[in-house]
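Participant: These are the residues of each chain, in order.
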Amino acid sequence: MSVVDEKWEPTVLAFCCHWCTYSGADLAGLNRMNYPANIRVLRVPCSGRVNPQYVLTAFNKGCDGVLVCGCHPGDCHYVSGNYYAKRRMMAFKRLLEYTGLEPERFQVRWISGSEAGKFRDTVVDFCEKVRALGPYTGGAVSLSEGLGAGAELGVGAELGVGAELPQGGDAQ
Amino acid sequence: MKYAYFPGCSANSTGISFTLSADYVGGRIGLELEEIPDWCCCGTSAALVTSADLSLALPARSLALAEQHLPGLDVATPCAGCFASLKGAQHYVRRGTEQRAHVEQLIEMPYAATAEVYSFLEVMAQPEVSEQIASQLTTGLNGLKVASYYGCALVRPADVTQFEDPENPQSMDRLMELAGAEAISWAYKTECCGASHQISEPKGARLLVERIFADAAANGAEAIACACPLCLLNLDLREAEINATRQARGEQPFDIPIYYFTELLGAAMGGSAKQLGIDRHFWPAEALVQRAVSPSPAEPVLDDAGLKPDSADAPAAAPTAAPMAAPMATPEQPAEPAAEAPAAAPAEAAATPATAVAKEVADE
Amino acid sequence: MSRIGVFICHCGSNIAGTVDVARVVEAARSFPNVVVADDNKYTCSDPGQQSIKEAIVEYNLDRIVIASCSPRMHELTFRKMLKDTSINPYMLEIANIREQCSWVHKDIEAGTVKAIDLVKMATAKVDKDTPLFTTTIPINKRALVIGGGIAGMQAALDIADAGYPVTIVEAEPSLGGKMVMLDKTFPTMDCSACICTPKMADVGSHPNITVKTLSEVEQVSGYVGNFEVTIREKAKYVDYATCTGCGLCETKCPTKVASEFDQGLGQRKAIYKPFAQAVPSKPTIDAAHCRKLTSDKCGVCEKLCPTKAINFADEDKLTTETYGAIVVAIGYKLIDWGALYGEYGGGRYSDVISGLQFERLVNASGPTEGHITRPSDGTEPKTVAIIKCVGSRDPEKGRSYCSRACCMYGAKHAHQYLDKVPDGRCYVFYMDVRTPGKGYDEFYMNTQHDGAVYLRGRVSKIFEQGGKLICKGEDTLIGKQVEVAADMVVLETAMVPADAADRLGSMLGVTRDKDLWLSEAHPKLRPVETNSGGIYLAGTCQGPKDIPDSVAQASAAAMKVAILFSKDELESNAMIAGSDASLCNGCGACVNICPYSAITLEEVTRRENSRMVTRQVSRVNPGLCQGCGACTVACKPGAMDLKGFSDEQIMKEVEALCQW
Amino acid sequence: MVQILDLSAATQADLGSVAAIAKSAGVDFDDCYQCGKCSAGCPMAHEMDFLPRQVIRLLQLGQYQEALGAHTPWVCANCMVCSARCPQGVDIAAIMLSLRRAAKRAGLRPEKETDIFDDIFVGNIRRFGKSNEAVLAGMFNLKSGHLMQDVLNAPKMAVRGMIGPKLHSVHDKDAVRQLVDKCLAAEKAKGQAAQSGGEVSPS
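Which chain is which? The protein sequence lines are G, B, C and R, in order.
With numbering that gives the first Met the number 0 applied, the first sequence covers 0 to 171.
With numbering that gives the first Met the number 0 applied, the second sequence covers 0 to 363.
With numbering that gives the first Met the number 0 applied, the third sequence covers 0 to 659.
With numbering that gives the first Met the number 0 applied, the fourth sequence covers 0 to 202.
Treat the hints with caution; some may be incorrect.
Each computed BS3-like pair below joins lysine-lysine, with the alpha-carbon atoms no more than 27 angstroms apart [claimed, not checked]:
| # | chain 1 | residue 1 | chain 2 | residue 2 |
| --- | --- | --- | --- | --- |
| 1 | G | K60 | C | K127 |
| 2 | G | K60 | C | K635 |
| 3 | G | K92 | C | K651 |
| 4 | C | K651 | G | K60 |
Facing chain B, from chain C, some residues (calculated, C-beta under 7 angstroms) [as the list claims (entries may be wrong)]:
| # | residue |
| --- | --- |
| 5 | S1 |
| 6 | E342 |
| 7 | G466 |
Because the hints were derived from the structure by calculation, they are not lab data.
Don't be surprised by glycine CBs; every beta carbon is placed ideally from N, CA and C.
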């Protein structure tokens with residue numbers, strides 16, 4: 000890791016589903032909990048809406064860590080979206096790790112609307128780990144190279160990433 | 000139809016009649032058995048209670064030898080206890096690479112658990128084998144009321160033995176029906192005979208045997224068919240003693256001879272009591288089977304009797320059958336002692352070598 | 000080029016306390032296409048809203064960002080506000096700088112930087128917003144109730160009484176379901192027939208209710224307010240318009256068949272009414288057993304019928320009608336214990352019977368006219384063993400759940416037996432006694448006082464010996480093995496979902512749980528709704544329950560239908576998925592992933608590369624789509640997108656965060 | 000003489016040992032809801048001091064020493080009816096085996112005869128690679144002191160060719176002997192480990 004600017008602050012993006020994690024985050028606010036200000040929540044209707052391509056873009060454009068959060072398995076507001084998200088994101092995570100991404104930089108968590116404390120703890124823990132890792136410097140080149148290799152292994156093909164963006168893929 | 004043969008320790012001793020009768024039936028239907036070279040004892044429950052590793056290693060050793068020397072052959076064993084031990088080791092190894100490595104490290108031999116393990120009952124219950132058996136029948140059993148007794152080891156645990164319904168198995172019943180017997184419905188098909196507890200806990204274990212007889216008798220059984228040498232020994236050897244106790248209590252004694260299912264199949268094929276080892280039982284068993292295979296005028300013979308050279312023996316022997324109201328005293332010695340046994344061996348002759356070795360082992 | 004206005008809220012000191020609002024306003028002014036940025040003390044207040052409205056006019060804005068509290072708080076407020084302006088209500092994004100920023104951070108610098116980022120992301124997103132429109136869906140005020148048991152009848156009566164037409168589809172030849180088979184009902188011991196058959200008659204004669212017996216739902220399409228339902232009415236071989244229900248045919252029919260209604264303990268004819276009080280009170284012919292229909296002999300019923308109602312050429316009739324709401328009330332069946340419990344004889348002993356068989360035995364209109372006798376020899380059993388939890392709470396052989404009603408009907412059976420056979424002995428094997436309900440535990444205690452002996456322990460084995468059924472159990476309270484030599488054994492078996500549950504559930508887009516019970520939308524707060532709009536659950540199809548609970552749920556479902564029908568039309572969700580036919584390759588991945596069955600493949604003919612091409616493309620039904628977006632990720636060619644959360648919008652948000 | 004079980008007296012070591020039994024038997028004692036179906040169908044229950052269900056209850060309560068001293072696992076004939084019928088899928092027979100091995104390692108043998116019999120059986124295998132029933136019976140009588148048990152049956156068996164002067168054995172006696180010794184040594188080592196502080200994983 001290169002020398003880190005002392006004023007460097009990690010950029011952490013969290014995709015949160017509207018029904019569970021986003022409202023859990025709101026509850027954390029209502030309860031005036033404290034957590035690092037590095038987190039930026041991007042609201043999606045459902046964790047099943049999160050295309051792996053968004054995550055890829057986030058890392059490519061300079062995010063240091065990405066969280067995907069949804070309802071607990073079985074509690075999805077849209078019946079089954081988080082199951083698809085789980086399968087998709089787990090496969091995608093393996094692929095990212097294959098490209099050399101530290102596993103701590105990309106996490107998938109299930110946090111309900113009542114779990115404000117869990118949201119806080121997750122953010123605290125995640126930001127801490129990303130901070131410890133330092134800035135993500137893999138950049139676009141390393142990721143696409145890695146994904147190209149991953150695609151040969153058939154992992155990328157399954158996800159529909161590694162091929163031409165911007166259209167995403169699926170992990171059915 | 001060829002199998003790697005695991006005879007089990009009882010094949011040439013207490014289970015001799017199983018061996019004789021299975022050989023006879025096997026010979027008639029073209030069953031080929033090749034003995035696993037240098038197989039050893041499966042360890043049975045003694046190994047299980049002593050060490051889990053030992054209960055895996057002993058059967059795995061024999062199975063590994065079969066895999067090595069008799070590749071491509073499935074394993075067949077007459078004894079239900081051996082079947083359970085072998086199946087247990089096979090099942091364990093098939094659970095995963097870790098388990099396989101564990102067993103291979105114990106026996107210091109490769110063992111991939113590729114071959115299937117079958118009991119003789121399963122072998123004979125296969126549709127094509129049953130057909131073969133049917134084609135060899137001569138006299139049939141003429142409605143002999145048989146309680147098919149499966150015991151524990153064939154049926155439990157079901158996921159390991161992969162046998163039939165552990166509560167109400169049917170394969171032996173079907174074979175008995177095939178041979179012309181009436182397979183009675185009863186409730187003790189898969190209840191325990193007490194196994195080795197008949198020696199180590201005799202007082203408590205006798206009750207198990209008595210209950211089995213009682214249910215068979217209550218359901219009208221004339222005979223019990225077994226697929227395990229230990230089950231048979233526990234019933235056959237203890238019937239007289241149990242009857243004595245019952246009489247002392249003023250209860251009705253039983254008179255139910257116990258057969259290996261292969262003995263009954265063999266008899267239905269025209270095999271003689273001597274050929275099948277039926278003359279070696281403790282509770283007299285010849286008379287009933289002879290009566291059963293005698294064609295009664297009312298019921299026509301099941302199959303073409305002309306095919307069978309031995310078929311003439313059975314009716315000839317019928318008049319000599321002992322009266323059915325058997326005395327409660329210990330039955331007489333068989334008229335024709337088996338050829339392998341020393342003729343008219345004195346009691347001490349049998350006991351001495353055993354006791355001598357026993358002392359030697361005990362001294363170690 | 001869009002014209003964006005950004006409005007930052009102080010929320011008093013709630014936001015301004017940790018976020019330097021002025022800096023955020025300043026930063027916002029530098030974002031692309033931002034025409035105006037301003038702040039407000041309380042944006043949600045009337046003056047706050049007014050100032051935005053004025054800015055929209057003044058700066059000719061076509062979209063706005065409001066940085067304030069959570070969109071879960073005021074998104075709807077601000078959308079409503081936009082309705083009075085020139086801007087489409089969906090040309091709005093909210094940056095959550097209160098709950099997820101000012102309230103959770105203490106450092107002003109960090110909070111301000113974050114707030115700027117959040118506004119940045121919202122601005123990037125709003126730039127790609129497009130006007131969205133809701134549509135209205137008409138509501139057909141006719142309800143379909145599937146299942147004519149007590150729950151279905153109750154729901155139908157309530158909906159019909161509210162003034163709406165109802166159709167009941169019942170698979171059996173008569174209404175009544177399981178309840179009408181029962182003798183008495185706990186804990187009050189009302190005669191089931193006395194309280195159930197009047198309901199059947201009410202349903203049969205209600206001017207708003209159409210009853211279709213021997214019928215099933217063949218196909219369902221459409222969505223809330225507009226279900227197209229195809230119903231198969233099976234051939235009855237009797238013309239109900241002319242049949243008077245005189246019953247002459249039934250008395251003369253020569254063919255006897257084991258009666259389903261009597262659970263195999265009695266017989267019926269091949270032309271039959273399942274029971275005397277059946278509704279409709281007219282017979283049907285069992286085609287599988289009728290001599291005329293199987294071998295073209297007999298036909299005596301046809302010859303005898305005074306109204307010439309017999310029609311051997313009758314065929315199944317398919318009808319398709321439109322309904323606005325569907326109540327599913329298909330009930331339960333009892334677990335097939337014989338196939339699972341070899342240790343209880345596996346069905347070989349005719350005197351080991353199920354609880355429902357006992358109901359028929361003890362029922363005055365049953366095959367024994369209410370005399371409790373053994374099915375095997377017709378003698379009165381002097382010792383009866385009742386075994387509870389057969390198939391329930393047994394994950395190995397049956398189901399893991401408690402079937403809820405068995406503790407009570409087990410006690411009822413013990414009570415009924417001891418009532419009819421006063422010198423009899425009754426042993427009840429149980430694991431726990433669960434009697435939560437009004438008067439329930441008192442009933443159980445009374446049963447013990449009646450003389451029922453409760454033994455805590457499961458029975459290991461039942462076998463026949465000497466004409467008795469030996470039940471081997473353990474009294475776990477004393478720790479001893481016990482044996483009961485019974486003349487008859489009653490197994491209180493588990494309730495399991497009806498056979499049709501899985502097929503119907505998938506047809507209706509209603510999820511099933513691990514045991515195939517139909518799932519309600521929320522286990523506590525939405526217990527009668529399903530995840531499919533306009534489809535409601537009543538009774539045991541949703542899970543085991545007793546009669547009072549089934550009736551309560553049925554009335555609740557009926558109320559939900561009445562609420563729906565109280566409106567003339569529904570507003571659809573605007574933020575739904577849409578497919579671009581030019582990109583769609585017709586692979587159908589979206590169809591498979593959609594939990595609402597909202598997507599279908601349709602054949603279209605369109606010009607592509609200057610040729611006319613006919614192919615399959617996906618189409619989203621706006622009435623069904625709930626806007627989850629699962630389909631968008633599944634779509635390989637990228638044809639599917641979600642309005643309001645489009646791929647482009649989300650990508651722009653990500654880019655804005657990192658690169659602006 | 001109803002004794003009070005002091006439940007809070009269960010030590011960490013006891014709880015650890017209970018957990019080790021569960022692990023070795025591949026069961027979770029919390030699965031057992033004490034329905035008694037196992038014990039209702041047990042054919043040997045009449046010889047037991049605790050029913051199998053009660054043994055599990057002792058373990059659920061952390062009463063390890065009491066369970067270890069129970070006769071039940073030694074009386075169990077391993078017929079597995081209990082395991083086959085358990086609605087919760089608890090392998091009760093495996094619990095009995097694990098407990099019995101643990102008891103043996105701890106030097107307990109509540110049922111002397113059963114232990115002698117199985118020891119002789121294994122010794123027989125160790126020596127011959129096969130089981131010789133005459134030796135087994137003879138030695139059992141000697142070691143158990145039941146000198147006359149089944150003695151009258153011996154000549155009958157001889158006459159029937161079931162027992163004879165010739166002893167069965169494998170060719171490669173060393174291989175089987177080493178195999179047995181290896182397993183017994185491992186079992187003994189486990190016992191010593193348990194003695195010196197908490198049984199970790201008996202199997």
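Participant: Hint by hint, note whether the structure agrees.
Facilitator: Here is what the structure says about each hint:
no., hint, verdict
1, K60(G) x K127(C), "holds (19 angstroms)"
2, K60(G) x K635(C), "holds (23 angstroms)"
3, K92(G) x K651(C), "holds (23 angstroms)"
4, K651(C) x K60(G), "holds (11 angstroms)"
5, S1, "violated (61 angstroms)"
6, E342, "holds (5 angstroms)"
7, G466, "violated (10 angstroms)"
Checked against the numbered hints above, the structure breaks hints 5 and 7 and satisfies the rest.
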